[in-house]
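Once you have looked at the hints, place chain V with the ligands on chain G.
Keeping their order, the protein sequence lines are chains G and V. Mapping the first sequence onto our numbering, position 201 (from 1) lands on 245, and the numbers just tick up by one. Mapping the second sequence onto our numbering, position 41 (from 1) lands on 498, and the numbers just tick up by one.
Calculated from the structure, these hints are not laboratory results.
Pairs of lysine to aspartate or glutamate, EDC-like flavour, derived with a Cα cap of 20 Å:
| no. | chain 1 | residue 1 | chain 2 | residue 2 |
| --- | --- | --- | --- | --- |
| 1 | G | 195 | V | 726 |
| 2 | V | 616 | V | 558 |
| 3 | G | 154 | V | 742 |
| 4 | G | 144 | V | 740 |
| 5 | G | 144 | V | 729 |
| 6 | V | 715 | V | 645 |
| 7 | V | 582 | V | 665 |
| 8 | G | 144 | V | 766 |
| 9 | G | 154 | V | 740 |
| 10 | V | 715 | V | 678 |
| 11 | G | 144 | V | 773 |
| 12 | G | 195 | V | 729 |
| 13 | G | 122 | G | 72 |
| 14 | V | 698 | V | 664 |
| 15 | G | 152 | V | 742 |
| 16 | V | 683 | V | 596 |
Chain V side only, calculated, beta carbon under 7 Å to chain G, not exhaustive:
| no. | residue |
| --- | --- |
| 17 | 732 |
| 18 | 736 |
| 19 | 753 |
With the C-beta cut set under 10 Å, the calculated list includes, among others, these residues of chain V facing chain G:
| no. | residue |
| --- | --- |
| 20 | 733 |
| 21 | 737 |
| 22 | 757 |
Quick caveat: nothing in here was measured; it's all calculated off a predicted structure. Heads up, the beta-carbon is just placed ideally off N, CA and C, and yes, glycines get one too.
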Amino acid sequence: MLIIKDLHASVGDKEILKGINLEINAGEVHAIMGPNGSGKSTLASVLAGRDTFTVTSGSMQFKGEDLLPLSPEERAWKGIFLGFQYPIEIPGVSNVNFIKAAVNEHRKRKGLPALSAAEFLKLMREKMAIVEMDSSFSGRGVNVGFSGGEKKRNEIFHMAMLEPDLAILDETDSGLDVDALRIVATGVNQMRTANNATVVITHYQRLLDYIVPDFIHVLYQGRIIKTAGKELALEIEKKGYDWIINAQ
Amino acid sequence: MEENFIYAPSVTSGEFRCRVPLKGARQQFIVNGSVQGGASPFTLEVPEGCLRDEMLQLISVRNADNTAPLSTRQIYRFGKHSSGRILQCFHTFTMDSFETEDRVEIRLEEGAAAEFFILQNEHNKASHRTFYDISLARDASLNMVFVSLHGGRIENNLKVDLCGEHGSCDLGGLYLTDGKQTMINNVELEHYVPECRSNQVFKGILDDEGVARFYGRVKVDRDAQKTEAMQANHNIIISDKARAYSKPQLEIYADDVKCSHGSTLGRLDEEEIFYMRTRGIPEGEARIMQQMAFAWEVLQRISSEELRDRMQSLVEKRLRGEFNNCRNCSKNCC
Ligand SMILES: Nc1ncnc2c1ncn2[C@@H]1O[C@H](COP(=O)(O)OP(=O)(O)OP(=O)(O)O)[C@@H](O)[C@H]1O
Ligand SMILES: [Mg+2]
Chain G
45 MLIIKDLHAS VGDKEILKGI NLEINAGEVH AIMGPNGSGK STLASVLAGR
95 DTFTVTSGSM QFKGEDLLPL SPEERAWKGI FLGFQYPIEI PGVSNVNFIK
145 AAVNEHRKRK GLPALSAAEF LKLMREKMAI VEMDSSFSGR GVNVGFSGGE
195 KKRNEIFHMA MLEPDLAILD ETDSGLDVDA LRIVATGVNQ MRTANNATVV
245 ITHYQRLLDY IVPDFIHVLY QGRIIKTAGK ELALEIEKKG YDWIINAQ
Chain V
458 MEENFIYAPS VTSGEFRCRV PLKGARQQFI VNGSVQGGAS PFTLEVPEGC
508 LRDEMLQLIS VRNADNTAPL STRQIYRFGK HSSGRILQCF HTFTMDSFET
558 EDRVEIRLEE GAAAEFFILQ NEHNKASHRT FYDISLARDA SLNMVFVSLH
608 GGRIENNLKV DLCGEHGSCD LGGLYLTDGK QTMINNVELE HYVPECRSNQ
658 VFKGILDDEG VARFYGRVKV DRDAQKTEAM QANHNIIISD KARAYSKPQL
708 EIYADDVKCS HGSTLGRLDE EEIFYMRTRG IPEGEARIMQ QMAFAWEVLQ
758 RISSEELRDR MQSLVEKRLR GEFNNCRNCS KNCC
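For reference, chain G alone in the conformation it holds in the complex (with noise of 0.2 Å):
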């Protein structure tokens, strides 16, 4: 499904992502750890088309497209979603009418008709049982005021709501309660299928007990350092990350 090979990216003479290689397949889940400032949210951006990052070399391939010319609602359209570390409040735009707009935007492109008033409703319901959000949370801008794990369930109903085939989710874990986590984590496990995958990055081994890895990748320094099935987080929690990077 997705294709990374020797990505390189920058911003302004900083190099940040040094060389990414990475192959993600349909029905799998990839893990992405490593420490802070290692460029897991830039790995993340850039496969959203975030233009702050310039890609310098590499490339990226997405259901056997060229990621690399199109723009950041052009992927989403084919399929890849962020879900972001740190979600952006958007003031004076509700959260109904910003996902109704962007669901039929979707729609559009797959030549769908909108949705009717009832239809999108009905839908909306749904998916916003699936995290278990109040229908509270629609009327209100954007994310604007919620908490911080209010924040990441809003992406997950966004996620929900659009059903990405590539789903990449930047630490969506952190800022849950116990509960929220596992409302999300549950959610996120409903919407897998064997056609579509995610992508987690995380800090945290407790995430990864509920959304189960096939492979976790550690990246330090802008490259993956290493790659290795889901008992590598435990380690990591008990050891930490420089037996990993020591043995580079």
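Showing chain V with the ligands alone in chain G's frame:
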């Protein structure tokens, strides 16, 4: 309601009718400064205790019948404990260069409540200057919202005097410029007595070589303890050549007051836009959405939902550049 004009909806200016009258609103035309079917100056007196919830729409137009510079006067008096809502629409119908100067007097007596919604939609060769002289007696409240949609040069000068305790004044303004348009808002607001509140939000979205000026002074007299006064001016610059000049000022002589003022100048927020785009909202739509959100803080002050929706869609059309499709660009209200 006592008026010195005859309500005559059949009297219209040439071809023009407001094609989308608000439900229940009464319409009155003022053509080149003269009230149709009545005397000038236009005077509206709402007698004591009289509550008028329906909107009175005044459609003030200029056309080729008189292209000379024009000065007009309007007088509004709201008696004790009366209320009323006014929608003023300003248009230019022909492409002549118009210069208009209006003097508008608004008096709110004790306990009166009035709302004014003002739509300014004139063409690029029109220059329109208005002087509002406003006073509020004890317990009176005024809500005023300007939507300066289009016009070569629009200048609103407001002088507001809060003369009686517990007076409340809300002023909102949204102005949109493109081309070489200039929009000016000058507000002089004075708290003379204790325990009044005033709240001003003026916001602009400036494109092309548009220029906006905001000058606001809130003066709180020594006796005006427990005053609450807020004033804000925010501008978004869309193009490099647009300009905004902003000077909010507070002059406070009382010591027990809650006052704030602020002014910001910014661009569209690229983080927000990126976020919207990752959800599949195209860049252009994301930009419009953000501008509409910015405008909302002002538009939400329009208490009539029907009018608010109408204004919102006008603003959206304007931001989408759909106004310029029409050569006679001042009548796109429907
Ligand atoms: N816009 C930017 N300008 C300059 N430096 C940046 C920018 N964005 C990211 N960086 C730098 O790139 C490096 C990687 O940042 P990134 O946010 O990708 O780390 P991360 O692995 O997600 O960290 P964390 O675990 O703390 O979320 C950091 O050193 C960061 O300061
Ligand atoms: Mg990060």
